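*Asks:* Hey, can you work out the whole structure from these sequences and the hints?
Residue-level listing of the chains:
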Amino acid sequence: MFKAIVRAERLQSTLDSVGVLVDECKIHLDEGGIEIRAVDPANVGMVDLSLDADAFESYEADGGLIGVNLVRLQDIAGMADSDQLVELELDEETRKLHISIDGLEYTLALIDPESIREEPDLPDLDLSSTIVIEGRDIDRAVTAADMVSDHIELGVDEADGVFYVKAEGDTDDVHLELDGDDLIDLVAGEASSLFSLDYLQDMNKAIPKDAEVTMELGEEFPVKLHFDIAEGEGAVTYMLAPRIQSN
Amino acid sequence: MFKAIVRAERLQSTLDSVGVLVDECKIHLDEGGIEIRAVDPANVGMVDLSLDADAFESYEADGGLIGVNLVRLQDIAGMADSDQLVELELDEETRKLHISIDGLEYTLALIDPESIREEPDLPDLDLSSTIVIEGRDIDRAVTAADMVSDHIELGVDEADGVFYVKAEGDTDDVHLELDGDDLIDLVAGEASSLFSLDYLQDMNKAIPKDAEVTMELGEEFPVKLHFDIAEGEGAVTYMLAPRIQSN
Amino acid sequence: MFKAIVRAERLQSTLDSVGVLVDECKIHLDEGGIEIRAVDPANVGMVDLSLDADAFESYEADGGLIGVNLVRLQDIAGMADSDQLVELELDEETRKLHISIDGLEYTLALIDPESIREEPDLPDLDLSSTIVIEGRDIDRAVTAADMVSDHIELGVDEADGVFYVKAEGDTDDVHLELDGDDLIDLVAGEASSLFSLDYLQDMNKAIPKDAEVTMELGEEFPVKLHFDIAEGEGAVTYMLAPRIQSN
Chain A
1 MFKAIVRAER LQSTLDSVGV LVDECKIHLD EGGIEIRAVD PANVGMVDLS LDADAFESYE
61 ADGGLIGVNL VRLQDIAGMA DSDQLVELEL DEETRKLHIS IDGLEYTLAL IDPESIREEP
121 DLPDLDLSST IVIEGRDIDR AVTAADMVSD HIELGVDEAD GVFYVKAEGD TDDVHLELDG
181 DDLIDLVAGE ASSLFSLDYL QDMNKAIPKD AEVTMELGEE FPVKLHFDIA EGEGAVTYML
241 APRIQSN
Chain B
1001 MFKAIVRAER LQSTLDSVGV LVDECKIHLD EGGIEIRAVD PANVGMVDLS LDADAFESYE
1061 ADGGLIGVNL VRLQDIAGMA DSDQLVELEL DEETRKLHIS IDGLEYTLAL IDPESIREEP
1121 DLPDLDLSST IVIEGRDIDR AVTAADMVSD HIELGVDEAD GVFYVKAEGD TDDVHLELDG
1181 DDLIDLVAGE ASSLFSLDYL QDMNKAIPKD AEVTMELGEE FPVKLHFDIA EGEGAVTYML
1241 APRIQSN
Chain C
2001 MFKAIVRAER LQSTLDSVGV LVDECKIHLD EGGIEIRAVD PANVGMVDLS LDADAFESYE
2061 ADGGLIGVNL VRLQDIAGMA DSDQLVELEL DEETRKLHIS IDGLEYTLAL IDPESIREEP
2121 DLPDLDLSST IVIEGRDIDR AVTAADMVSD HIELGVDEAD GVFYVKAEGD TDDVHLELDG
2181 DDLIDLVAGE ASSLFSLDYL QDMNKAIPKD AEVTMELGEE FPVKLHFDIA EGEGAVTYML
2241 APRIQSN
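Chains as they are written, first to last, in the working numbering: chain A, 1 to 247; chain B, 1001 to 1247; chain C, 2001 to 2247.
If you are wondering where the hints come from, they were derived from the structure by calculation, not from laboratory data. Since this is a predicted model, take the numbers as computed values, not measurements. Fair warning: there could be bad hints in the mix.
[What the hints assert, rightly or not] Below are the BS3-like pairs computed for lysine-lysine, each with C-alpha atoms no more than 25 Å apart in a straight line:
(1) C:2205 with C:2026
(2) B:1096 with B:1026
(3) C:2205 with A:166
(4) C:2166 with B:1096
[Unchecked claim] Away from chain C, derived, C-beta distances all over 12 Å, residues of chain B:
(5) 1037
(6) 1064
(7) 1078
(8) 1083
(9) 1085
(10) 1105
(11) 1111
(12) 1151
(13) 1161
(14) 1180
(15) 1211
Ideal placement from N, C-alpha and C gives every residue a C-beta, glycine not left out.
*Replies:* Right, dumping it as structure tokens:
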């Protein structure tokens, strides 16, 4: 069984965090909250999201698993004002999700979870550098890099103690360096990896500008981006595989 | 003769109410105010609009009839700020309408009224139910229904004393029930009719969110939507023909 | 050498003033400030822009000439908030312009000035009328004229002491008359010229609504539009060639 009430704003940001990577996903309805793990069709970007029962106005669940059309669910949640309450209730027999917003009832047919791409395991990586950075700085770097290239290098210069972003186009370059004073925190180890800008832009869309984002980086390794949602009662981790360095 | 001054906002909402259904219309320039009746090319949606002489800052007319290109007239009115005054004067000889906004003069060629689709008579129907509802609730229902279907059922359950909206899609459904407490007023009789969502969406665009809309409904009968404009010095009635119920 | 710091807003409006006419331009980096002159590919619209050294937070230059991709430079400047400072520094060896916004560094490859269309000389014309008018009145006239025609007549009636704008369409006309009271200033001589609306619309986009624009007009002569930027520490002059009067 699953029955919950949540502020529209929280539901919307939860769905958006996953929706930037996939159109359908499985949702685990655990006793302690919901969890979503998904990987994009090309196996390049992954997301692991949890939203605790405390993030809801009320929450009851006993461990089910549902498959949903995220695009449709985002549209429905988007009809509510951010402060409105959204009621969710699973009808186990018909496999439909009843969504109710101030008297308006929406019945959403669920998708067989078996038919949805398998959930990824986000590997535990031992990455050399940890950068804690504001969402708005990621946004600036990604926006600028997009003007010159379709990939972006993220790295840390251990000796200088700086985190850097580089994008090299055919004629123009973009470069950003942030040291310990510009960042919320920096644990510097030698690190440098190249990423597809498309994916990073999608993830960037879901990162609030005022979020504290913990970024873990290595040498030609995936990057992990971690930030809290729902005032700390939920969390999102993105992982993005590197591209092979072009020389 | 026709000579009038009106606040831009009032002219704009008047024209928009008719413009959602037709591109050209006839305007009756009566002593007591203007009146417009029009029906869309498919004969499905009708509008009857009146704007009293009192809704104008000044008004003089003696019963003429003009034909106008509504799209063009909406564009012209749209150039004015909502608080600006728009002066209208008919040149009977040249059959042109002079529109003046803060010194800017626009000369609009009129259309021969004979060449415009005949005006409809909105029939007097004896409909079983009367629902008085806020414009914003119509907006919610229409927006949600559009997510699942291209038609919408409006009805009243006499026994339960509720007005309901239903839309059924291939997989998902939308349902809204409003009882006497949720509505401004309800005179309940058995009623249920199916309508094309396209038309209702167009009419919805012209209904202010805070308007009190009087809706009259019957069993497989047209729906009538009536609301005031210009702080009660004008009124709009829409009538929409039903679709045949699909079973 | 060239090294300067300028508020983003000033750089943006400077680039926009030229960008409405051309995609590439030469920039003179003189001791006293920068100067740009450009003519559109059809040789119909010209711009002469100067921005004094005092308009910059800091400025050092010794007379160089660079060629830039304006579209690209506008994009870069557009990333900054209007109050942010933009640092510009020319690397003479690599012929690249370094643009730095709050730590973000953009390296822009310059264009060989020889490859850019030759700079025009804005001729000194002896025009009969001078009209000083608010930017917002130009905007109203141009917007209204565009509804009926693709050209616009600007003129002065010396006897009546009025500046007028006329646009004649196939069926509708637009007319605006402004006398000495409606204008900031008027030196009336007989004047009347016809212009392409496209160009005037482009120029209009770059004219602030609250700018005092000095317009010089003659009989079938080009029009000159002059206004200050950067609180008087810069200036823009547009010149637009007339069309042959159609009779």
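*Asks:* Against this structure, judge whether each hint is valid.
*Replies:* Consistency of the hints with the structure:
1. For the given pair, residue 2205 of chain C sits about 21 Å from residue 2026 of chain C by alpha-carbon distance, which is consistent with the 25 Å threshold.
2. Simply put, residue 1096 of chain B and residue 1026 of chain B have alpha-carbon atoms about 14 Å apart, close enough for the 25 Å limit, and the pair holds.
3. Pair hint residue 2205 of chain C plus residue 166 of chain A does not hold up; C-alpha atoms about 35 Å apart against a cutoff of 25 Å.
4. Under the criterion of a C-alpha separation no larger than 25 Å, the hint pairing residue 2166 of chain C with residue 1096 of chain B is consistent with the structure, at around 17 Å.
5. For residue 1037 of chain B, the shortest C-beta to C-beta distance to chain C comes to about 25 Å, beyond the 12 Å cut-off, and the non-interface label holds.
6. For residue 1064 of chain B, the condition that its CB be more than 12 Å from all CB atoms of chain C holds, with the nearest at approximately 19 Å.
7. Look at residue 1078 of chain B: its CB is around 10 Å from the nearest CB on chain C, not clear of 12 Å, so calling it non-interface is violated.
8. The non-interface label for residue 1083 of chain B is consistent with chain C: the shortest C-beta to C-beta separation is roughly 15 Å, beyond 12 Å.
9. No Cβ of chain C comes within 12 Å of the Cβ of residue 1085 of chain B; the nearest lies about 15 Å off, and the non-interface call holds.
10. The beta carbon of residue 1105 of chain B is not kept farther than 12 Å from every beta carbon of chain C, the shortest such distance being approximately 4 Å.
11. Listed as outside the interface, residue 1111 of chain B is inconsistent with that label: its C-beta sits roughly 10 Å from the nearest C-beta of chain C, within the 12 Å cut-off.
12. Against chain C, the non-interface label of residue 1151 of chain B holds: every CB pair exceeds 12 Å, the least being about 37 Å.
13. At roughly 52 Å from the closest C-beta of chain C, the C-beta of residue 1161 of chain B stays outside 12 Å, upholding its exclusion from the interface.
14. The claim that residue 1180 of chain B is not at the interface with chain C holds, since no C-beta of that chain comes within 12 Å of its own (minimum 49 Å).
15. Its beta-carbon lying about 30 Å from the closest one in chain C, residue 1211 of chain B satisfies the requirement of being farther than 12 Å from that chain.
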